[in-house]
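Enquirer: Chain by chain, the residues:
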Amino acid sequence: MPWKNQTGGPWGPGPKGPWGAGPQPTGPKPPDLEDLLRRAQERIRQLLPGGHLSGMGILLILIGAVAIWGMSGFFRVQSEELGVVLRFGKHVRTVQPGLNYHLPYPIETVLLPKALRVSTLNIGLTLVQDSARSTSTMRDVPEESLMLTGDENIVDVDFTVLWRIKPDGVGDFLFNIQNPEGTVKAVAESAMREWVGRSDIQPILTSERTKIEASVHELMQKTLDQYGAGVLIQQVQMQKVDPPAQVIDSFRDVQAARADLERLQNEAQTYANRVVPDSRGRAAQIVQNAQGYKEQAIAEAKGQSSRFLQVYQAYKEAPDVTRERIYLETMEHVLGDADKLIYDPGSSSSGGIVPYLPLSELTSRRSGSTANQPARTDGGAR
Amino acid sequence: MKTGVLGIAALLVGLALLVVGYSSVFTVGQTEQVLLVRLGEPVRVVTEPGLHFKAPFVDSVIEIDKRILDLEQASQEVIASDQKRLVVDAFARYRIKDALRFYQSVGSIQVANIQLTTLLNASLRRVLGEVTFIQVVRDEREMLMARIRDQLDKEASGYGISVVDVRIRRADLPEQNSQAIYQRMQTERQREAAEFRAQGGQKAQEIRAKADREATVIIAEANSAAERIRGQGDGERNRLFAQAYNQDPAFFAFYRSMSAYQNGLKSSDTRFLLKPDSDFFRFFGHIGGRSAASAPKP
Numbered sequence: 001m002p003w004k005n006q007t008g009g010p011w012g013p014g015p016k017g018p019w020g021a022g023p024q025p026t027g028p029k030p031p032d033l034e035d036l037l038r039r040a041q042e043r044i045r046q047l048l049p050g051g052h053l054s055g056m057g058i059l060l061i062l063i064g065a066v067a068i069w070g071m072s073g074f075f076r077v078q079s080e081e082l083g084v085v086l087r088f089g090k091h092v093r094t095v096q097p098g099l100n101y102h103l104p105y106p107i108e109t110v111l112l113p114k115a116l117r118v119s120t121l122n123i124g125l126t127l128v129q130d131s132a133r134s135t136s137t138m139r140d141v142p143e144e145s146l147m148l149t150g151d152e153n154i155v156d157v158d159f160t161v162l163w164r165i166k167p168d169g170v171g172d173f174l175f176n177i178q179n180p181e182g183t184v185k186a187v188a189e190s191a192m193r194e195w196v197g198r199s200d201i202q203p204i205l206t207s208e209r210t211k212i213e214a215s216v217h218e219l220m221q222k223t224l225d226q227y228g229a230g231v232l233i234q235q236v237q238m239q240k241v242d243p244p245a246q247v248i249d250s251f252r253d254v255q256a257a258r259a260d261l262e263r264l265q266n267e268a269q270t271y272a273n274r275v276v277p278d279s280r281g282r283a284a285q286i287v288q289n290a291q292g293y294k295e296q297a298i299a300e301a302k303g304q305s306s307r308f309l310q311v312y313q314a315y316k317e318a319p320d321v322t323r324e325r326i327y328l329e330t331m332e333h334v335l336g337d338a339d340k341l342i343y344d345p346g347s348s349s350s351g352g353i354v355p356y357l358p359l360s361e362l363t364s365r366r367s368g369s370t371a372n373q374p375a376r377t378d379g380g381a382r
Numbered sequence: 001m002k003t004g005v006l007g008i009a010a011l012l013v014g015l016a017l018l019v020v021g022y023s024s025v026f027t028v029g030q031t032e033q034v035l036l037v038r039l040g041e042p043v044r045v046v047t048e049p050g051l052h053f054k055a056p057f058v059d060s061v062i063e064i065d066k067r068i069l070d071l072e073q074a075s076q077e078v079i080a081s082d083q084k085r086l087v088v089d090a091f092a093r094y095r096i097k098d099a100l101r102f103y104q105s106v107g108s109i110q111v112a113n114i115q116l117t118t119l120l121n122a123s124l125r126r127v128l129g130e131v132t133f134i135q136v137v138r139d140e141r142e143m144l145m146a147r148i149r150d151q152l153d154k155e156a157s158g159y160g161i162s163v164v165d166v167r168i169r170r171a172d173l174p175e176q177n178s179q180a181i182y183q184r185m186q187t188e189r190q191r192e193a194a195e196f197r198a199q200g201g202q203k204a205q206e207i208r209a210k211a212d213r214e215a216t217v218i219i220a221e222a223n224s225a226a227e228r229i230r231g232q233g234d235g236e237r238n239r240l241f242a243q244a245y246n247q248d249p250a251f252f253a254f255y256r257s258m259s260a261y262q263n264g265l266k267s268s269d270t271r272f273l274l275k276p277d278s279d280f281f282r283f284f285g286h287i288g289g290r291s292a293a294s295a296p297k298p
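So the protein sequences, as listed, match chains A and B.
Counting from 1, position 98 in the first sequence corresponds to residue 98 in full-length UniProt numbering; the numbering is continuous, with no gaps.
Counting from 1, position 282 in the second sequence corresponds to residue 282 in full-length UniProt numbering; the numbering is continuous, with no gaps.
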């Protein structure tokens, strides 16, 4: 290499060896270089006192070019990037964000992938930018999101994969695989479809989302590791998991029917909650009534017994008089207000009388319930 | 003059050296391997990236990708062993393992992709045709993918290609079958919904009936208790009366009769037809009384 000979030539190996081999991230400091050049110039002047000005000029131009060339190796790595340094196409080192130095082109070149950034991959939906309102909305991509389940149903699954380059896998990511982004997407789709295909529709829609997320995550990572893709799957998130649009109404109706079931049950329970306490109340009332009757009966019986005994005490002291008095008082009271007819069948004056009792006339003047009164009178009077 | 000729000669030599030097080195990138061909005859394959030397002018360099390469296959219909049609699309990932053989047999990645697509299609049809639809979708997808990969790998090794992986991405039903599935899903949901509603009615009736039964039982038990209590009351009443009246049954009869007359005959429209020879009229015709000694009988 001609340039190598030149640099190594008249000055011998430089004190700093800035162009020598070796992956030093920190090259020579610019002041040192200028200092060196200045000293070299002075020495040239000393060696060729009054020499050809043209030769000196060429030399100076060459030295300047070499200096500029050497300086071209400085580069900056942004905070989300990593610097991948290639020497003649071979990956020799990876440098962290900050100011770095590589040997100037064409010996070393640098690639600056955004290796520390997390990428988002949406499957089943695309982000549509609305430039008028500067908002973005998600639009469904049915051919990506409709999947067949293990029980031959179809679900509409939208999911998002968050991934990044592995901390130590930036070389793999850049050099091992032709189309890393496309591969992540293809692997994500096939993994999700594989797991959805293994499951029935109901668990996918309801309880097993987390389990499927974890399984897809694991399968994706395994597959990508097998490719040596240098990709780290951070998260698999299922966004929307729905029945397809054509049948979503009937799924909603099932939900509604479930709600109806609950509602009917609740209504019935409301009825039950009303009826049973009601009947308990009525039962209490019945029992209390009976209790009242019992107490009343006992109280009355006690009262009547007591009254009788009082009278009986008095009667025992003077039986005949009391008896007579009671009899007369009663009869007096009974007969006092009533219509009376005294008839003596034994007396001669009335011997020819045929007793005529106008029952029809009597009963017509009173209510039917007491129509038998006269008959009783006969028995009661004697 | 002499120095001028010398200078020109030196310049020419230098230029010649530069050209020779340049054409005797080559670089191999991190993503590629290089096939070195000397006048048409392959010499060697360099896989190690970096700076390498070759014979100037006679050796030419053919760069061949070393990475894992994409093979995307368009979706196609496959018939499973149970005659069900499936729309399948798959992708493969492969790498060029033997650069020389690859270069000789296919030459470029484009040609290789065409060849591999044909092989992949054939392999897909062969493997998926042996199993049922449900095995593809549900049970054996992983195993089938491995089989397809192994077949493809074996066939592609003739091209110097090693197949890293084959994955089935979609395995769906054709559109018209999808419609049938939607209809089935719909009817299934309708059935489910009807079932839920019927269950709701059933449970509601059960709850109501249970409540009604409970209410009836509660009332009946209350009535039963009430009768018992009333009976207790009646019993106690009778006991009390018996206790009191047993002290003198004859007087009780008299006393009670009097009370009954008073209560039973008290209404004002009672008519009496009386015989004057009753006890009440004892003194009616006789100042001394008809039979004063005899106690009046009710």
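Since the hints were derived computationally from the structure, they do not count as laboratory data.
Please note: incorrect hints may appear among the correct ones.
Unchecked claim - Distance ranges between label pairs, derived from CB positions:
#1 A:V141 / B:L39: 51 to 59 Å
#2 B:V19 / A:L121: 45 to 53 Å
#3 B:Q104 / A:R209: 49 to 57 Å
#4 A:A299 / B:Q202: 50 to 58 Å
#5 A:R38 / B:S108: 26 to 34 Å
#6 B:A180 / A:E218: 30 to 38 Å
#7 A:R76 / B:I79: 25 to 33 Å
#8 B:V19 / A:G57: 22 to 30 Å
#9 A:R76 / B:G7: 55 to 63 Å
#10 A:L62 / B:I114: 46 to 54 Å
#11 A:M71 / B:F53: 23 to 31 Å
#12 B:F53 / A:V141: 18 to 26 Å
What the hints assert, rightly or not - The calculated lysine-lysine pairs, modelled on DSS-like cross-linking and capped at a C-alpha distance of 30 Å, are:
#13 B:K97 / A:K185
#14 A:K90 / B:K84
#15 A:K340 / B:K275
#16 A:K316 / A:K340
#17 A:K185 / B:K84
#18 B:K275 / A:K166
Don't be surprised by glycine CBs; every beta carbon is placed ideally from N, CA and C.
Enquirer: For each hint given before, does the structure comply? Return the numbers of the non-compliant ones in rising order.
Expert: Result: hints 5, 7, 9, 12, 14, 16, 18 break, sorted rising.
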